[in-house]
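Asker: Sequence:
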Amino acid sequence: MRISLKIKLLFYWHKIFKSNRVKDSTIKISKKGKGVKSVVFLLPNERKQAQLAAHFIKHDDKKNKFHFNYILDENSLHYYDKKIIPNAHVIKKDHINWLGVIISKKTIKKINDLGFDAIVDLNQSHNQNLSFILKDLKIPIKVGFQAEFSNFLYSIIIESKSIGFVEDNYKTIEKILGLE
-12 MRISLKIKLL
-2 FYWHKIFKSN
8 RVKDSTIKIS
18 KKGKGVKSVV
28 FLLPNERKQA
38 QLAAHFIKHD
48 DKKNKFHFNY
58 ILDENSLHYY
68 DKKIIPNAHV
78 IKKDHINWLG
88 VIISKKTIKK
98 INDLGFDAIV
108 DLNQSHNQNL
118 SFILKDLKIP
128 IKVGFQAEFS
138 NFLYSIIIES
148 KSIGFVEDNY
158 KTIEKILGLE
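Okay, so the sequence shown: first residue is -12 according to this note's numbering, each after it adds one.
If you are wondering where the hints come from, they were derived from the structure by calculation, not from laboratory data. The structure displayed is predicted, hence computed values, not measured ones. All residues carry an ideal CB built from backbone N, CA and C; glycine is no exception. Treat the hints with care, as some may be off.
What the hints assert, rightly or not - No farther apart than 30 Å at their CA atoms in a straight line, the calculated lysine-lysine pairs in the DSS-like style are these:
1) Lys97 <-> Lys122
2) Lys2 <-> Lys122
3) Lys80 <-> Lys(-5)
4) Lys35 <-> Lys79
5) Lys97 <-> Lys2
6) Lys93 <-> Lys80
7) Lys2 <-> Lys52
8) Lys158 <-> Lys52
9) Lys97 <-> Lys(-5)
10) Lys24 <-> Lys69
Unchecked claim - Restraint-style ranges between C-beta atoms, simulated for each label pair:
11) Pro73 <-> Lys125: 21 to 27 Å
12) Glu146 <-> Lys35: 15 to 21 Å
13) Ile144 <-> Glu61: 23 to 29 Å
Construct the complete structure from the given sequences, taking the supplied hints into account.
Answerer: In structure tokens:
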């Protein structure tokens, strides 16, 4: 898959200027199957990817057991159910610079202060600059799909299945985090 020059520049910018800023911590995912209690989902902004992700998140009505939040670009709001808006952190154009770097310290602090156990990047595209927000977040478990920069971004990497249903990729995430 071809990666845009903008995404490559963003990767190298993070690699040079932010590589040691956030230290990864660890969290144990229980053998007893309790998994995580609070998860923030990074939602895709491309139409096709957003439709798949919207199907995945709309069934998560387990609010009494889990605490879910969502991070999404303001241009992709119309792809998702309005019910997620109260728990959404919407990234606006004035929150990012021309390269795609999140410059809103308030947004980063707000997400970090909520103390999530895990963040799940539902982007399966290689050209998602919003995925680089993960480097600024102090969340111990970072789950995402295999891509060129996935070793740099995630602590758990899911290999996308090219054969079969794409929904199986999302079910794998649910199993790993104990959300099913």
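Asker: Now, for every hint given, state plainly whether the structure supports it.
Answerer: Checked hints:
For the hint linking Lys97 to Lys122, the alpha-carbon distance of about 15 Å falls within 30 Å, and the restraint holds. Pair hint Lys2 plus Lys122 holds up; C-alpha atoms about 10 Å apart against a cutoff of 30 Å. Between the alpha carbons of Lys80 and Lys(-5) the distance comes to roughly 20 Å, so the proposed pair stays at or under 30 Å and holds. Proximity of Lys35 to Lys79 is assessed by CA-CA distance (about 21 Å); at most 30 Å being required, the pair is judged to hold.
Only pairs whose Cα atoms come within 30 Å are accepted, and Lys97 paired with Lys2 is accepted, the gap being roughly 24 Å. Our distance criterion of 30 Å between C-alpha atoms is met by Lys93 and Lys80, whose separation comes to about 14 Å. For the hint linking Lys2 to Lys52, the alpha-carbon distance of about 37 Å lies beyond 30 Å, and the restraint is violated. For a cut-off of 30 Å, the pair hint linking Lys158 to Lys52 stands: about 18 Å separates their Cα positions.
A hinted pair counts as satisfied when its Cα atoms are at most 30 Å apart, and Lys97 with Lys(-5) qualifies at roughly 27 Å. For the hint pairing Lys24 with Lys69, the CA-to-CA distance comes to about 23 Å; that is within 30 Å, so the pair holds. At about 23 Å, the beta-carbon gap between Pro73 and Lys125 stays in the expected band of 21 to 27 Å. Taking the beta carbon of each, Glu146 and Lys35 are about 20 Å apart, inside 15 to 21 Å as hinted.
A C-beta distance of roughly 28 Å is found between Ile144 and Glu61, which places it inside the suggested range of 23 to 29 Å.
When each numbered hint is compared with the structure, a violation occurs for hint 7 only.
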